[in-house]
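K.L.:
Sequence:
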Amino acid sequence: MPTTAFQWRWITVASLLSFVVGIGFFCPHYVLWRGLDIPQARYNPEVHRAYYRLQQIEHPFDPIENENNRAMRWRLFFPLLAHYLHLPRNVLFALPFIGCLLALGLTAYVVLRETGSTLLALLSSMLAATTSWFFVSTGWLSYFDSWYILGLLCVSFIRNKTTLVVCCLCVPWIDERFMLGLPLAFTVRTAVFRWVEDGKIAQLFRETGLACFVVAPYLLFRLALLFFAQDANSAGHLTDHYDMLFLHNEAYLSGLWHGLRAGWVPVLACVLLAYGNRGIKFKIAGAIIVVFTLFINRFLAADFSRSVSVLMPCVLLGSVLIARHRPSVAFGVTAFALLVNLLTPARHINSTFSVDIHNVLHEREQANNPPNSVNPVFYNQHGIKLFKENDVDGAESFFTGALHLAQDNPPPDNAPALIADIYWNRANLYANSSMWLKALPDLEDALK
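Sequential numbering of the sequence shown, starting at 1, is according to our numbering.
Be a bit skeptical, because a hint or two may be false.
[Claimed, not checked] Below, a list of computed lysine-lysine pairs in the DSS-like style, where the Cα atoms sit at most 27 Å apart: (1) Lys448 x Lys438; (2) Lys448 x Lys385; (3) Lys200 x Lys161; (4) Lys388 x Lys448; (5) Lys283 x Lys161; (6) Lys388 x Lys438; (7) Lys200 x Lys281; (8) Lys281 x Lys388; (9) Lys385 x Lys438.
None of these hints come from the bench; they were simulated from the model.
A quick note: this is a predicted structure, and the numbers were derived from the prediction, not measured.
Model the full assembly from the supplied sequences, consistent with the hints where possible.
P.N.:
Written out as structure tokens, the structure reads:
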């Protein structure tokens, strides 16, 4: 049955409402975005990758020098797009947000198509906005997780073969974890379209073969680079993660929880209810594929909570399967999972650190009272300290950072006085070092 105009409007509303709820309860730590152009603040995950992403856009085919970002070496789809279309960086940073809206809209569309329930579609979309892929895509600049999740959802739930081909052609170049999630996506696809119950296993093999044919060039390209030692970034990334495979197990268990939290409830329903009563062997195979998908992502990624997002097709399928069996129960289960996710703490879990995620009220307070890494007052005071220690280069760097922060995001109470004080301090630094050509302009700005 074709989707009606009302249903399309509802899907749009559900996507927007879910986005607002996700941002409201789990707001990006956006005050740290101010540190993108400040060398001392680039260690924050909110901007760390964005700095190297901007370098990648300038020179798309150069190796990535920073070892923490080597994984993005061949994630070239959006960098090439930005490079050749000369996209402003704010447009680039907006793309993950657009991906979030599309993924949430697709979630609502699938549930509405499969169950006919507008309320369940809204609840499912909101549940999706309370999991780790959404937090990363909206909080950490230039992380395109929303797009690879969108690709996996398309493969899992959209029957159109053109969509399947386009996803298999493009999404590996956004994030290679799409490839790792393909077996799981086809496992979900089989359950969604009832190929086991209807005896259409041949359809599974045909469409899986088509997907393999389309992704084969990408896979062969990456393997050839590794085999002929032409991809030092990927080789180093794999070596590092192999060495730490069985380390940080406590953090990994925490990451498993924080990746989905109560979203694990529909994942469990997905494993138990898929393929009806005729597919016991397929249920076992599906469970094995879920575990294998988690393991291979554990091997390739140190951001543990983020890597669990690959199970999002299972979260969505779980809600659909519960609705097929008992529609009234589906409302309760999805609402319960959503409520738990809204009320329990959320964190980004990495192998070596974790980051708490707070609501929008907390982040507004942070924006008014920024942490030291993006606080111009702190930078000014630290510059004075370094000046007294005769660290001229360090003091200059902190005074310059203080100016950048104070001018781009002026404090609400004493911005002119603070900016004048920073100019005065830097002028004093230059004069004390006999750099008169630099000191005079700063002195003029301080006295304005």
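K.L.:
Between the alpha carbons of Lys388 and Lys448, is the straight-line distance 27 Å or under?
P.N.:
Answer holds: Lys388 to Lys448 is near 26 Å, not above 27 Å.
K.L.:
Please work out if Lys388 and Lys438 have their alpha carbons no farther apart than 27 Å.
P.N.:
holds, 19 Å
K.L.:
Please work out if Lys283 and Lys161 have their alpha carbons no farther apart than 27 Å.
P.N.:
It holds: about 25 Å lies between the C-alpha atoms, which stays within 27 Å.
K.L.:
Straight-line Cα separation of Lys200 and Lys161 no greater than 27 Å?
P.N.:
Status holds; Cα separation ~16 Å.
K.L.:
Is the hinted pair Lys448 and Lys438 satisfied, with a Cα-Cα distance of at most 27 Å?
P.N.:
holds, 16 Å
K.L.:
Hint check: Lys200 vs Lys281, CA-CA at most 27 Å. Holds or violated?
P.N.:
Holds. Lys200 to Lys281 sits at ~15 Å (cutoff 27 Å).
K.L.:
Is the hinted pair Lys385 and Lys438 satisfied, with a Cα-Cα distance of at most 27 Å?
P.N.:
holds, 20 Å
K.L.:
Verify the proposed pairing of Lys448 with Lys385, using a straight-line Cα cut of 27 Å.
P.N.:
holds, 25 Å
K.L.:
Are Lys281 and Lys388 close enough, with their CA atoms no more than 27 Å apart?
P.N.:
Cα-Cα ~73 Å, so violated.
Of the numbered hints listed earlier, the single one contradicted by the structure is hint 8.
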